[in-house]
Each structure stands twice: as structure tokens, then as C-alpha cells.
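Novice: Sequence:
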Amino acid sequence: MMLDWFWGLAGGLMIGSAGSVFLLYNGRVMGASGIIGGLVDGTGWSNWAERLVFLVGLVGVPYLLWLVIGGETHLTTNWFVIMLAGLLVGIGARLAGGCTSGHGVCGISRLSLRSIVATLIYVLAGGLTIALLRHLLGVI
8 MMLDWFWGLA GGLMIGSAGS VFLLYNGRVM GASGIIGGLV DGTGWSNWAE RLVFLVGLVG
68 VPYLLWLVIG GETHLTTNWF VIMLAGLLVG IGARLAGGCT SGHGVCGISR LSLRSIVATL
128 IYVLAGGLTI ALLRHLLGVI
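Under my numbering, the first residue of the sequence shown is numbered 8, with each subsequent residue one higher.
Treat each hint with caution, since some may be false.
[Claimed, not checked] Quick list of simulated restraints, FRET-style, between CB atoms: (1) Gly49 <-> Leu127: 29 to 35 Å; (2) Leu59 <-> Met21: 16 to 22 Å; (3) Gly67 <-> Ala138: 31 to 37 Å; (4) Trp55 <-> Leu95: 24 to 30 Å; (5) Ile115 <-> Phe87: 29 to 35 Å; (6) Arg117 <-> Met21: 17 to 23 Å; (7) Gly77 <-> Leu16: 17 to 23 Å; (8) Leu59 <-> Ala92: 20 to 26 Å; (9) Thr136 <-> Leu31: 32 to 38 Å; (10) Asn33 <-> Ile115: 18 to 24 Å.
If you are wondering where the hints come from, they were derived from the structure by calculation, not from laboratory data. Note that CB positions come from ideal geometry on N, CA and C, so glycine has one too.
Whole structure, please, built from the sequences with the hints as guidance.
Specialist: Encoded structure:
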């Protein structure tokens with residue numbers, strides 16, 4: 008519990024660094040939902056290898072850190088809730104025109120008003136969701 012702040016800082020530094028490298032290398036803002044969406048809807052097949060490497064790193068690096076460092080997660084073991092949450096986050100990212108990495112990391116750092124508003128809305132929605140599902144309903 009004492010090192011929770013460290014993991015948040017380390018994760019923030021990693022995603023911020025990844026966003027900077029992606030922008031410098033590609034000249035585009037890194038948004039995970041756009042990268043995944045381009046693979047799913049076929050609009051990103053021209054650079055599919057780059058997108059796939061990004062996704063492997065997005066999933067693989069935290070998994071490798073978990074294997075090396077160990078520790079427990081606070082993720083629910085209810086697979087239905089996990090899949091439903093992923094689906095809802097994907098739909099929300101499409102509706103908002105981006106996700107936490109695109110709006111929250113890259114957009115706010117560019118002082119984009121649209122990204123600031125989107126980030127405030129989804130942070131509030133996430134807080135309300137946790138309050139409702141964890142504390143009132145006990146689902147997660």
C-alpha cells in the first residue's frame with residue numbers, strides 16, 4: 008500500500024514517454040483506441056505491423072512487469088464484468104473521439120480544450136461508476 012503512488016508515477020511516465028516517442032517517430036498523436044480501431048475497421052491496414060507492435064507492447068510490458076515484480080491486482084475475477092467493461096470503454100472511446108491516451112495524455116499536453124473536457128467527463132463517469140458498482144451494488 009505504501010508504494011501505490013510509485014506504481015501510478017511509473018505508469019504515467021511510461022505512457023507519457025510512449026506518447027512522446029510515438030509522436031516523434033510517426034508525427035501522429037498516440038491514441039490506443041484509434042490504433043486498435045484502425046485494425047478492427049480496416050482503415051489502419053496500411054501500417055498494421057506498427058499497430059500490432061504497439062498493442063503487443065501495451066499488453067506485454069505490464070504483464071512482464073507483473074511477472075518480474077509480482078504483486079496482486081485489484082481487478083475483479085468476474086469475467087462478465089471485465090468483458091462488459093471493455094466493451095463499454097471501447098464504445099465510450101469511439102463516442103468521445105478518443106481514449107485516455109489520446110485525450111488524457113496527448114490532448115491535455117497540447118492544451119486541447121476538447122481533450123480537457125473529454126477527460127473531465129470520463130474521469131467523472133469512472134468515479135461515479137466505481138461508486139455505484141463497488142460501493143452501492145457490490146458488483147466489483
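Novice: All hints are to be evaluated individually against the structure, with a verdict given for each.
Specialist: Taking the hints in turn, this is what the structure says about them:
1. Gly49 <-> Leu127: 29 to 35 Å: Roughly 32 Å apart at Cβ, these two residues keep to the hinted range, so it holds.
2. Leu59 <-> Met21: 16 to 22 Å: The hinted range 16 to 22 Å holds for Leu59 and Met21, with Cβ atoms some 19 Å apart.
3. Gly67 <-> Ala138: 31 to 37 Å: holds (32 Å)
4. Trp55 <-> Leu95: 24 to 30 Å: Given range 24 to 30 Å: holds, Cβ gap about 26 Å.
5. Ile115 <-> Phe87: 29 to 35 Å: Holds, at about 33 Å.
6. Arg117 <-> Met21: 17 to 23 Å: With a Cβ separation near 19 Å, Arg117 and Met21 satisfy 17 to 23 Å, so the hint holds.
7. Gly77 <-> Leu16: 17 to 23 Å: 19 Å Cβ-Cβ, so the 17 to 23 Å window holds.
8. Leu59 <-> Ala92: 20 to 26 Å: holds (23 Å)
9. Thr136 <-> Leu31: 32 to 38 Å: holds (35 Å)
10. Asn33 <-> Ile115: 18 to 24 Å: holds (19 Å)
Consistency note: the structure conflicts with none of the earlier hints.
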